[in-house]
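K.L.:
Can you make the complete structure from the sequences, with help from the hints?
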Amino acid sequence: MRVSPFIQILTGFIIWSAAFLLLYATQATGCHLGWHELDIGPVSVLRLLLTTIFVLVLALLGGLFWSARQVKDRSADTSETLTQIATTVHIAAIVSTLITFSGLFWLTLC
Amino acid sequence: MMDNRPETGFETAGSPIRLHRQLNAIWGSGQGLQRLSAVNHTIVGIRFMVTALVFFAIGGILAMLIRTQLASTNSTFLDAAQYAQVFTMHGVIMMFLFAIPFFEGLAIYLLPKMLGARDLAFPRMSAYGYWCYLFGGSFLVAALLFGIAPDGGWFMYTPLSSRPYSPGINADVWLLGITFVEISALSAAIEITVTILKLRSPGMSLTRMPIFAWYMLVVAAMMLIGFPPLILGSILLEVERAFDLPFFDPTRGGDPLLWQHLFWLFGHPEVYIIFLPAAGALSTIIPVLSRTRLEGYGLIVAAIVAMAFLSFGLWVHHMYTVGIPHVALSFFSAASALVAIPTGIQIFAWLATMAHGRPQFSIPMLHVFGFFFVFVLGGLTGVMLAMVPFDWQAHDTHFVVAHLHYVLVGGFVFPMMAAAYYWLPHITGRQPVQHLSKPAFWLVFIGFNVTFFAMHLTGLRGMPRRVFEYPQEAGWEVLNFVSSVGGFVMTIGFALVAVDLIMLVRYGRRFRRDPWKAGTLEWATPTPATSYNFGSLPHIDNRADALEPSVLGPDLAAGRGYLGFTRNGWMETLTVDMVTGRLDHVVVLPRPTYLPLWTAIATAAFFASLLAKLYWATPIALLAVIALFLLWTPSTGLKQNIGPLEVGHGERALHHQEVAQPPSWWAVVFALAADATLYTSLIFGGFFLWLSAPNWPPPDLDFTFAGPSIIAGIALLGAALSTRLADGRSGKTVFGLAITLVAHLVTVGALSVVMLSLPAPTSHAALASALAVAAYVTLHAGIGAVLAGYGLWRWHAGYISVQRKLDLRIGSLWHDYTAIAGLVGLAFPFVLQSLTGAGGR
Ligand code: HEM
Ligand SMILES: [Cu+2]
Numbered sequence: 001m002r003v004s005p006f007i008q009i010l011t012g013f014i015i016w017s018a019a020f021l022l023l024y025a026t027q028a029t030g031c032h033l034g035w036h037e038l039d040i041g042p043v044s045v046l047r048l049l050l051t052t053i054f055v056l057v058l059a060l061l062g063g064l065f066w067s068a069r070q071v072k073d074r075s076a077d078t079s080e081t082l083t084q085i086a087t088t089v090h091i092a093a094i095v096s097t098l099i100t101f102s103g104l105f106w107l108t109l110c
Numbered sequence: 001m002m003d004n005r006p007e008t009g010f011e012t013a014g015s016p017i018r019l020h021r022q023l024n025a026i027w028g029s030g031q032g033l034q035r036l037s038a039v040n041h042t043i044v045g046i047r048f049m050v051t052a053l054v055f056f057a058i059g060g061i062l063a064m065l066i067r068t069q070l071a072s073t074n075s076t077f078l079d080a081a082q083y084a085q086v087f088t089m090h091g092v093i094m095m096f097l098f099a100i101p102f103f104e105g106l107a108i109y110l111l112p113k114m115l116g117a118r119d120l121a122f123p124r125m126s127a128y129g130y131w132c133y134l135f136g137g138s139f140l141v142a143a144l145l146f147g148i149a150p151d152g153g154w155f156m157y158t159p160l161s162s163r164p165y166s167p168g169i170n171a172d173v174w175l176l177g178i179t180f181v182e183i184s185a186l187s188a189a190i191e192i193t194v195t196i197l198k199l200r201s202p203g204m205s206l207t208r209m210p211i212f213a214w215y216m217l218v219v220a221a222m223m224l225i226g227f228p229p230l231i232l233g234s235i236l237l238e239v240e241r242a243f244d245l246p247f248f249d250p251t252r253g254g255d256p257l258l259w260q261h262l263f264w265l266f267g268h269p270e271v272y273i274i275f276l277p278a279a280g281a282l283s284t285i286i287p288v289l290s291r292t293r294l295e296g297y298g299l300i301v302a303a304i305v306a307m308a309f310l311s312f313g314l315w316v317h318h319m320y321t322v323g324i325p326h327v328a329l330s331f332f333s334a335a336s337a338l339v340a341i342p343t344g345i346q347i348f349a350w351l352a353t354m355a356h357g358r359p360q361f362s363i364p365m366l367h368v369f370g371f372f373f374v375f376v377l378g379g380l381t382g383v384m385l386a387m388v389p390f391d392w393q394a395h396d397t398h399f400v401v402a403h404l405h406y407v408l409v410g411g412f413v414f415p416m417m418a419a420a421y422y423w424l425p426h427i428t429g430r431q432p433v434q435h436l437s438k439p440a441f442w443l444v445f446i447g448f449n450v451t452f453f454a455m456h457l458t459g460l461r462g463m464p465r466r467v468f469e470y471p472q473e474a475g476w477e478v479l480n481f482v483s484s485v486g487g488f489v490m491t492i493g494f495a496l497v498a499v500d501l502i503m504l505v506r507y508g509r510r511f512r513r514d515p516w517k518a519g520t521l522e523w524a525t526p527t528p529a530t531s532y533n534f535g536s537l538p539h540i541d542n543r544a545d546a547l548e549p550s551v552l553g554p555d556l557a558a559g560r561g562y563l564g565f566t567r568n569g570w571m572e573t574l575t576v577d578m579v580t581g582r583l584d585h586v587v588v589l590p591r592p593t594y595l596p597l598w599t600a601i602a603t604a605a606f607f608a609s610l611l612a613k614l615y616w617a618t619p620i621a622l623l624a625v626i627a628l629f630l631l632w633t634p635s636t637g638l639k640q641n642i643g644p645l646e647v648g649h650g651e652r653a654l655h656h657q658e659v660a661q662p663p664s665w666w667a668v669v670f671a672l673a674a675d676a677t678l679y680t681s682l683i684f685g686g687f688f689l690w691l692s693a694p695n696w697p698p699p700d701l702d703f704t705f706a707g708p709s710i711i712a713g714i715a716l717l718g719a720a721l722s723t724r725l726a727d728g729r730s731g732k733t734v735f736g737l738a739i740t741l742v743a744h745l746v747t748v749g750a751l752s753v754v755m756l757s758l759p760a761p762t763s764h765a766a767l768a769s770a771l772a773v774a775a776y777v778t779l780h781a782g783i784g785a786v787l788a789g790y791g792l793w794r795w796h797a798g799y800i801s802v803q804r805k806l807d808l809r810i811g812s813l814w815h816d817y818t819a820i821a822g823l824v825g826l827a828f829p830f831v832l833q834s835l836t837g838a839g840g841r
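Top to bottom, those sequences are chains A and B.
At position 68 of the first sequence (counting the first as 1) the number is 68 in the UniProt record's numbering, and the numbers step up by one without a gap.
At position 754 of the second sequence (counting the first as 1) the number is 754 in the UniProt record's numbering, and the numbers step up by one without a gap.
Don't take every hint at face value.
To be verified - Ranges between beta-carbon positions, derived for each pair: (1) B:Leu-380 with A:Glu-37: 36 to 44 Å; (2) B:Phe-481 with A:Ile-7: 52 to 60 Å; (3) B:Pro-471 with A:Ile-7: 57 to 65 Å; (4) A:Ile-91 with B:Arg-18: 52 to 60 Å; (5) A:Ile-7 with B:Gln-360: 51 to 59 Å; (6) B:Ala-352 with A:Ile-91: 16 to 24 Å; (7) B:Ala-57 with A:Gln-70: 51 to 59 Å.
By construction, these hints were calculated from the structure, which means they are not laboratory data.
We put the beta carbon where it would ideally sit given N, CA and C, even for glycine.
P.N.:
In structure tokens:
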């Protein structure tokens, strides 16, 4: 499968951005509708929802990264350098996701 | 007319001088008043830069007024109202009229030369952008002279800038003037994106591009996503002020915070949009002056891509004190701290480059040193401010003012002075005189640090920003006085830099090419550059910062590359495949014309009519703008199929009218991406108000217009589908376009019914948002109708065939976008209505 190098370079952080908006919107909506006051066991519905999104996003990023490693097209020198750049950006996106959103495990939600 | 002579033959010149004469006759821009018709990127780029410097001087004078006022306690130099105008205009001028246009000018001047093209993708667009910038900027400065300049701070927070608290036209001047200037920035962004992606010399793959092109590509993409939220915010606020639709009014379901979100969604990326071009210049200059190659090319590209995204995810760090829940704060705080990492990577790459090379301590290098020192300090205070608890202490004090100047002056002004000393020899063909350069630098450097270091201290001692006086007891006087003295020292320094540069331009020593022994293509043009840049275009088979301009230059001038000849009086340049850099097709650019100037004048009339509240004149001006834009098009068509053209080296390529995705097609794609960002902000704005604005839900909300909505939905789909029939064959094309035209008109009609049946849109933000969304869709359907009509006209004029259906393909992009956006827009009021049942405060 040949993916445009632009897409390779951009996917990681596009997912990060989408996750950002999704988490921020879910958090705000949840607070608005009072989901933080409904508990499921030890955690609130809102925190459970946010954590689930977080884990799914990480899994998605990880999965994409893994599948990108499988299809290596090392035909031309152009795609070689571009693949390298894309891989670096992707790792940066995974690390950023971990760092940016980890607060939702322990901070006040609303 | 060139269109009528589509012969494909060409004439070779024989000698470099003859080639030069022939090309110059085609590409040259005329003298005297004819200069107003110039569209050449060298000329437009220089115009942008010079105009930006004039605005910088004006902004600098305003800064001196600020410092004079603050030098002592209870000073009576300016009163509160004057001070408000002065600091607002200082910020506005520096950000919108100096920094952005200056780097745009640099990019417009340099990019085609660095990429090995003869001009930008859309020369007339850049000329139009320049006039919009000049007129919009002049509006703002003229307002200052008449005492009606904006006075709500450069970020214009509502409700301060809303009608009740700013009844004059000051705020309107900001909103309209800035929107006008932003048009110019957006057109430059599209121009730059397409040029970098397509208009390169054959062989220049993405990874062979000079690093500056990567930086500008990222910057331009950021502008496409970052500016639309501000444009939307400005439109909404202006509509609120002019027609009382309550988007930001908390008593009627609006929310002042919506403005802050829209503003900073633009405002923070803006800071990186200003910094990245400067960093691009540094990444170009440092290796050359260190006699080595840039370390970590790939890593830098990765870093700037990461930076581009991260810088969007931290807008709320300007809003830590507005009362946002802790988790949300943590997202923004973490992103703010993270963005320091890619910045650090670049700094280390530059240091490594210098360490591996043999840096020469020339004047540009001195400014590079200034950059390192000042910018790193600014970065450190930036990380401090990213931390929520510290920011709560320092918020809106002079500490923030100090930080922002360390970053902006360190990250933009010093690199740009380095760039000026580095590239002026290219622009003028002369080398520096260098007597004044050093003292000038040290005055700026010392003056700067004195001025702004002191501001950290006054800030930490609690001095708020934007106050025009402070009491004796506060104990801030000594520090403020020191700061003002520093400010004047710095001004003297800038004046000396100006004198020094003027000396260089007037009296510098003439020389041949490439004084710095650089390896990038711009030095392979003659200096000063000719109107067509290169006598012929190179084939690039190495990284394009490791070339030998001194060898390449004469070769290209002799016509031994691609297109080393003239054909039909056409202004020709080549495009490549975006990724691989394989030769793609020939672009024929438009000749110099006054149309950009006239169109910008009509655009100015449009904004002036809004400002003067002469609303009857607004539609007339709008029609004039549309008509003038349509007049741009005849000169870019072909009336016959001509097939592959000889381009030299035995290769052939098609004319851009005969290919599927020429630059103009990409331009529409990027324009629609920016448009979609604006629209998404609008839709999200509606939901944001539902979520967080006071006074929701609206009293008995009732969107009962299912009938017209369904009709509009069917018509939108019909327009998008029927345009597919138009494939360049006779019969089907006219039929398809006619249906599209009618369908769009039906949409406009149905949506007008919807808009008229909305009860009292001024009563609540929910109704106002529904109106805004409907107006957006109506406007798009209206433009779709114009495009369909345009397609019919182009068909009848003979510009369209099965091989030449670019106009149809562009129209099709528009109709598809309009259909998608329209269906979302039609659903919007119903979704909003069902949500308001689900709660509100
Ligand atoms: C040339 C030397 C400069 C001096 C002496 C200077 C001085 C100042 C001062 C004292 C303020 C604070 C006004 C207040 O809070 O009352 C200020 C604000 C500001 N400055 Fe500068 N400045 C300079 C250059 C620049 C440059 C180069 C830029 C941007 C590229 C810039 C952008 C701003 C902005 C955005 C504000 C905030 C305005 C606001 O609060 O609305 N300044 N400047
Ligand atoms: Cu910021």
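K.L.:
Now tell me if each hint is right for this structure.
P.N.:
Status of each hint after checking the structure:
The hinted window of 36 to 44 Å between Leu-380 (chain B) and Glu-37 (chain A) holds, with their beta carbons roughly 41 Å apart. Hint check: Phe-481 (chain B) to Ile-7 (chain A), Cβ distance near 57 Å, so the stated range 52 to 60 Å holds. Distance hint check for Pro-471 (chain B) and Ile-7 (chain A): the Cβ-Cβ separation is about 59 Å, which falls inside the suggested range of 57 to 65 Å. Roughly 55 Å separates the CB atoms of Ile-91 (chain A) and Arg-18 (chain B), a value that falls within the hinted 52 to 60 Å.
The hint said 51 to 59 Å for the Cβ distance between Ile-7 (chain A) and Gln-360 (chain B), and at roughly 42 Å that hint is violated. With their beta carbons about 20 Å apart, Ala-352 (chain B) and Ile-91 (chain A) fall inside the hinted range of 16 to 24 Å. Between Ala-57 (chain B) and Gln-70 (chain A) the Cβ separation comes to about 58 Å, which falls inside the hinted range of 51 to 59 Å.
The structure fails hint 5 only (numbered hints given earlier).
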